[in-house]
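S.K.: Here are the chains, one letter per residue:
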Amino acid sequence: MKKIQLITKILLVAILVAIAFVGIYVQKQNRMENVVKDYTWGMDLTGTRVIELEVSDEKETITKDKDGKVVKEEDKKEDGEYTTEEKEKNPEEVKTLDNYKKSKQILENRLKKLGVNDYIIKLNEETGKIILEIPEDDNTDHTVSNVSQVGKFEIVDSEDTEKVLMDNGDIKLSNVLYNTTTSGTTVYLNIEFNKEGTEKLKNISNEYAKVEDSNDSEEDAEENEENNSDESKDDTEKSEDTKEETKQKEITMQIDGSKMITTSFDEPMENGQIQLSMGQATTERDKINEYIESTTTMATILDTGNMPIEYKVEDNKYTASDITKDMLIKLAIVEAIVAFIGLIVLIIKHKKLGILATIAYIGFIAIYLLLIRYTNVTITLEGLAALAAIYTLNYVCNFKLLNKIKEYDNKERKKAIKDALISFSIKLIPIWILSITFCFINWMPITSFGMAMFWGLALIELYNITITRSFLKG
Amino acid sequence: MKNITTKSKIICAIIVLLIIIGTIVVILKGFKVDIKNRAVQQIEVNIGKSFETQDIKQITNEVFEKNQVLIQKVEVYEDAVSIISDEITDEQKSNLVQKINEKYSTELKAEDITVKDVPNTDIKDIVKPYIIPIVVSTGIILVYIAVRFYKIGIVKSALKYGIVLVVAQLVLFSLMAITRFPIGRFTLPLVLFVYLLSALGITNNLEKKLKEKKLEEETA
Numbered sequence: 001m002k003k004i005q006l007i008t009k010i011l012l013v014a015i016l017v018a019i020a021f022v023g024i025y026v027q028k029q030n031r032m033e034n035v036v037k038d039y040t041w042g043m044d045l046t047g048t049r050v051i052e053l054e055v056s057d058e059k060e061t062i063t064k065d066k067d068g069k070v071v072k073e074e075d076k077k078e079d080g081e082y083t084t085e086e087k088e089k090n091p092e093e094v095k096t097l098d099n100y101k102k103s104k105q106i107l108e109n110r111l112k113k114l115g116v117n118d119y120i121i122k123l124n125e126e127t128g129k130i131i132l133e134i135p136e137d138d139n140t141d142h143t144v145s146n147v148s149q150v151g152k153f154e155i156v157d158s159e160d161t162e163k164v165l166m167d168n169g170d171i172k173l174s175n176v177l178y179n180t181t182t183s184g185t186t187v188y189l190n191i192e193f194n195k196e197g198t199e200k201l202k203n204i205s206n207e208y209a210k211v212e213d214s215n216d217s218e219e220d221a222e223e224n225e226e227n228n229s230d231e232s233k234d235d236t237e238k239s240e241d242t243k244e245e246t247k248q249k250e251i252t253m254q255i256d257g258s259k260m261i262t263t264s265f266d267e268p269m270e271n272g273q274i275q276l277s278m279g280q281a282t283t284e285r286d287k288i289n290e291y292i293e294s295t296t297t298m299a300t301i302l303d304t305g306n307m308p309i310e311y312k313v314e315d316n317k318y319t320a321s322d323i324t325k326d327m328l329i330k331l332a333i334v335e336a337i338v339a340f341i342g343l344i345v346l347i348i349k350h351k352k353l354g355i356l357a358t359i360a361y362i363g364f365i366a367i368y369l370l371l372i373r374y375t376n377v378t379i380t381l382e383g384l385a386a387l388a389a390i391y392t393l394n395y396v397c398n399f400k401l402l403n404k405i406k407e408y409d410n411k412e413r414k415k416a417i418k419d420a421l422i423s424f425s426i427k428l429i430p431i432w433i434l435s436i437t438f439c440f441i442n443w444m445p446i447t448s449f450g451m452a453m454f455w456g457l458a459l460i461e462l463y464n465i466t467i468t469r470s471f472l473k474g
Numbered sequence: 001m002k003n004i005t006t007k008s009k010i011i012c013a014i015i016v017l018l019i020i021i022g023t024i025v026v027i028l029k030g031f032k033v034d035i036k037n038r039a040v041q042q043i044e045v046n047i048g049k050s051f052e053t054q055d056i057k058q059i060t061n062e063v064f065e066k067n068q069v070l071i072q073k074v075e076v077y078e079d080a081v082s083i084i085s086d087e088i089t090d091e092q093k094s095n096l097v098q099k100i101n102e103k104y105s106t107e108l109k110a111e112d113i114t115v116k117d118v119p120n121t122d123i124k125d126i127v128k129p130y131i132i133p134i135v136v137s138t139g140i141i142l143v144y145i146a147v148r149f150y151k152i153g154i155v156k157s158a159l160k161y162g163i164v165l166v167v168a169q170l171v172l173f174s175l176m177a178i179t180r181f182p183i184g185r186f187t188l189p190l191v192l193f194v195y196l197l198s199a200l201g202i203t204n205n206l207e208k209k210l211k212e213k214k215l216e217e218e219t220a
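Which chain is which? The protein sequence lines are A and B, in order. Oh and the first sequence: position 14 is 14 in our numbering, straight run, nothing missing. Oh and the second sequence: position 23 is 23 in our numbering, straight run, nothing missing.
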């Protein structure tokens with residue numbers, strides 16, 4: 001009976017090993033496909049998007065009217081008299097080491113806020129060139145197109161864009177807000193100003209207060225009802241009411257010179273906050289996600305401040321990791337040899353029990369490899385170190401188990417196993433603390449290590465209490 | 001007992017010696033930084049067809065001889081190659097292009113391929129994300145150690161634990177300095193691995209001491 005049980009257990013381990021190392025193949029459209037989940041690899045083992053950012057040497061053309069006011073291309077009139085001049089985007093005085101370092105810091109802050117949890121950033125301190133390596137995923141293109149924006153926020157007079165009323169220096173923070181009503185969800189860009197900015201906003205909202213027009217009051221009331229949270233009206237509405245436009249002063253909010261909104265104020269804004277509705281209220285999930293993504297990017301750019309230097313993307317390519325599959329296989333072979341030597345020592349020292357512990361240990365290797373696949377642990381180099389650590393810890397656990405059984409002279413085996421497992425579990429507490437702490441860190445290599453350790457430690461406890469114990473209890 | 005003491009003394013002496021030699025090497029030569037993280041030069045060759053990294057490795061071995069080279073496939077179709085080395089001269093570039101042309105029957109021109117300077121990674125940037133998690137978890141562990149082993153002595157056990165962790169890391173970095181093992185991608189995984197093993201080792205030792213102490217108390 002015992003022999004049958006033992007054979008069953010060994011067969012079970014053999015099946016687990018086969019599933020973990022070979023897989024389960026089923027026929028799908030005339031080909032065999034492995035249905036066992038694949039590993040999730042980190043960027044150091046797969047590849048990265050490498051983005052080269054060069055300090056822009058481009059020049060911008062500035063158009064001025066006859067009064068010397070800067071005029072945007074879209075605002076030029078056919079019969080107007082204009083002069084143009086060329087200006088370097090990055091004059092020599094801004095190309096300093098301090099500004100290069102500041103730009104690098106801003107880029108890092110933006111990446112963190114955009115949820116990029118693994119990146120490499122290199123700065124050439126002489127030329128200001130920055131090389132950025134980020135993981136390749138669905139968000140990579142979005143990150144690349146936004147991360148290097150200058151992010152120069154300005155509130156200007158809509159008639160005189162050179163009159164800057166507020167800028168990045170007045171912003172305390174910027175984030176995304178949502179409001180869901182029966183008509184759908186509206187996404188807002190919330191800009192909170194600092195003490196100085198709040199005072200400025202109060203003065204501006206007084207100065208640029210909406211001029212009441214009896215003809216328009218009804219229309220305005222309707223409009224305010226619809227969009228009272230941002231206390232503004234947008235450009236399209238403005239054009240419909242040209243009479244009002246001629247009467248009142250308006251402000252324009254712009255990022256990197258691109259107009260975001262032109263508005264006036266209903267009442268003085270004393271709380272130091274502006275909420276801009278981004279798009280219209282909608283119930284479509286895709287649309288909402290699109291608004292959230294673009295608003296989050298805008299909030300991130302505003303929140304991290306403007307780059308002192310304008311960068312241009314010089315190169316943007318996917319580069320595969322230099323750690324190839326062959327190298328990983330070689331590494332696995334080395335680990336297997338080390339494990340083999342360790343298990344031989346176990347067998348020589350503990351004979352039959354050593355063989356049983358070895359079979360159980362092989363089963364542990366297989367289950368752990370399956371577990372990290374199904375718990376979605378991203379494997380980075382740190383994750384591989386965790387794997388090696390878990391196999392080492394389990395070996396030590398098995399070694400101590402066998403020593404304890406020997407200590408009890410093979411009598412009261414169950415008690416020996418129980419004592420050894422309790423004693424080993426207590427010794428693992430500091431490692432549990434480290435693993436759990438690492439699981440909460442938003443940095444992929446650390447999370448990878450923490451998660452791989454967490455599941456590994458949980459498996460050591462459970463596997464040895466159940467499987468290893470059943471092999472050794474006799 | 002005498003044997004154990006002698007063994008411990010020998011181990012201590014080896015550790016101290018390793019740390020001293022390691023420190024001297026660091027002072028004189030510094031750490032060696034891996035090719036991925038030091039300032040290097042890079043060229044990118046668009047072969048336009050699939051290739052084996054091993055074949056490119058053979059070519060770079062001939063062109064760059066003993067200089068260390070890093071080869072990476074570029075782009076989704078992996079038909080271009082990035083070659084990184086400490087310095088890439090015009091002659092090496094020409095040789096490389098010529099050999100690639102011979103091997104893959106391409107008509108690449110050396111003058112169309114530019115050598116780019118790749119800046120180094122600031123080691124501080126690599127280490128920075130690990131500081132808070134390690135400090136926080138070590139802090140919590142030390143509190144646990146102090147509570148668990150208060151019978152041995154709160155300060156004594158926590159101090160012993162801390163010293164072992166630090167010494168284990170010093171030994172690791174000394175070995176890296178002596179063997180000229182490069183500092184880079186593999187350093188932090190190794191640091192964490194050593195941290196775990198040293199943590200297990202010292203916890204095991206303290207548990208033994210606690211057991212002895214309890215036995216002493218019981219017999220007294």
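If you're looking for bench data, these hints aren't it; they were derived computationally from the structure. Glycine included, each C-beta is placed from N, C-alpha and C at the ideal position. Watch out, some of these pointers could steer you wrong.
[Claimed, not checked] Under 7 Å between C-beta atoms, here's a sample of chain B residues computed to sit facing chain A: (1) Gly-30; (2) Asp-34; (3) Gln-72; (4) Val-74; (5) Val-136; (6) Gly-139; (7) Ile-140; (8) Gly-162; (9) Ile-163.
S.K.: Would you mind marking each hint as holding or not holding in the structure?
M.R.: Hints, verified against the model:
1. Look at Gly-30/B: its Cβ only gets to about 19 Å from chain A, farther than 7 Å, so that hint breaks.
2. For Asp-34/B, the suggested interface contact is broken, since its CB lies about 11 Å from the closest CB of chain A, more than 7 Å.
3. A distance limit of 7 Å between C-beta atoms decides the matter here; for Gln-72/B the minimum to chain A is near 5 Å, and the interface restraint holds.
4. Hint status for Val-74/B relative to chain A: holds, with the closest Cβ pair at about 5 Å, below 7 Å.
5. A least Cβ separation of about 6 Å between Val-136/B and chain A falls short of the 7 Å threshold, and the interface hint therefore holds.
6. Because the beta carbon of Gly-139/B sits about 9 Å from the nearest beta carbon in chain A, more than 7 Å, this interface hint is broken.
7. This hint holds: Ile-140/B has a C-beta 5 Å from the nearest C-beta of chain A, less than the 7 Å allowed.
8. Contact between Gly-162/B and chain A, as hinted, is not supported at the beta carbon level, the nearest pair being about 12 Å apart and thus beyond 7 Å.
9. The interface hint given for Ile-163/B is violated, since its Cβ lies 15 Å from the closest Cβ of chain A, which is over the 7 Å cut-off.
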